[in-house]
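Use the sequences and the hints to build the structure in full.
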Amino acid sequence: SSAVSSSPSKSPTVRVAGQDVKVWNDDLFQKVRALHGVPDNFLDNNDPAQAAIDLHRPRPESVNGKGGGAQFSTRDGQFIVKAVSADDQKTLLQLTGELVERLLRGQTLLCPIYLHFVDPHTEQCYIAMANLTQAGNWSAKYDLKGCADDKTLEEDGKMIVPVRRRFWRADMWCRCAWTPPRWRYWQGKERARALKLRLAGPQRDEAVRLIASDAEWLSEQGIMDYSLMLGVRRLSASAAAACGVEAAAGVVHSVGSSAVAAGRRFAMVDQSTGELLLVTMGVIDFLQPWTLPKKAAQCIKGLEFNKATIPPPLYGARFARHFKERLQSEESFQAQSDDVAMKADLWCIEHC
3 SSAVSSSPSK SPTVRVAGQD VKVWNDDLFQ KVRALHGVPD NFLDNNDPAQ AAIDLHRPRP
63 ESVNGKGGGA QFSTRDGQFI VKAVSADDQK TLLQLTGELV ERLLRGQTLL CPIYLHFVDP
123 HTEQCYIAMA NLTQAGNWSA KYDLKGCADD KTLEEDGKMI VPVRRRFWRA DMWCRCAWTP
183 PRWRYWQGKE RARALKLRLA GPQRDEAVRL IASDAEWLSE QGIMDYSLML GVRRLSASAA
243 AACGVEAAAG VVHSVGSSAV AAGRRFAMVD QSTGELLLVT MGVIDFLQPW TLPKKAAQCI
303 KGLEFNKATI PPPLYGARFA RHFKERLQSE ESFQAQSDDV AMKADLWCIE HC
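Residues 3 to 354 (this note's numbering) make up the sequence shown, in order.
Hints in this document: simulated from the structure, not taken from any laboratory. Check before you lean on any hint, since a few could be wrong.
To be verified - Below are the DSS-like pairs computed for lysine-lysine, each with C-alpha atoms no more than 30 Å apart in a straight line:
{"hint": "1", "residue 1": "Lys309", "residue 2": "Lys326"}
{"hint": "2", "residue 1": "Lys160", "residue 2": "Lys309"}
{"hint": "3", "residue 1": "Lys198", "residue 2": "Lys309"}
{"hint": "4", "residue 1": "Lys92", "residue 2": "Lys33"}
See below:
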């Protein structure tokens, strides 16, 4: 296996938006790109007028991060580039070797990282990763930790802008002073906390197994505060037919194929309505170590119930337990092949 380097180097094949960049451990990340069919120049199309990505224009979803770095989306929506903090940078350098090995094995929901680079002009460090919920509108998108921080990101194709309650915001202390955007954000959080998602039996079992495995691995690495990104789409019976659903009674299809590059994508037919349910999930934000500031936050939030800031072993156990309870098996849902899921994705790109 390749040695992990703590120093960046210039790459002869990787450029970002027409600019030379320095990369960390690209001999390792290149293996992940190759496995998933991502070319080395995925962030550079050699056309300044139609740059693959603009690192001066953050995507709207950046507001969903709690103090995190800016996020940028490629023009085709397939990838996200995220600025990383000093703690995240240190963690990734420590994890790179084992992380890449885990991604290459395929039995994981961890969102794949394809590039780790630094802008030589600003010295800002970035990671480029798969966009788990790209293209078109979603019935719902969630950021779930299994605690009080759960939130709804999108509902019926409309992004929910976070309006957080802070102790220094006196106008947030009383609900009678809340604005409509604040109410919408709070209601979205309540729905996310109460969410129970039904899946076809084999798909539910696969998801629960992978979540538990990732949570255990992240706990061993001293990582906490990660989330399950969950996207849900419901397509009509006519759209389901266009996607080639296989409705033969009693057919059980394979799930969790390693051919799905980013996270897992599950397709199932609701036999009571004929609708096609498309669910995409993956673990994101998995670079947060258990630091002294996190320990301090745990003490400050001592009276807060079900908080995110708890030690990695407790966080991981709660994460696995939460989704084992909240992902439920539904007998009337019939699992579909990954071919159907891919066709549904293409249908959504064209019609959603």
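Hints and how they fare:
| no. | hint | result |
| --- | --- | --- |
| 1 | Lys309 / Lys326 | holds, 19 Å |
| 2 | Lys160 / Lys309 | holds, 27 Å |
| 3 | Lys198 / Lys309 | holds, 20 Å |
| 4 | Lys92 / Lys33 | holds, 21 Å |
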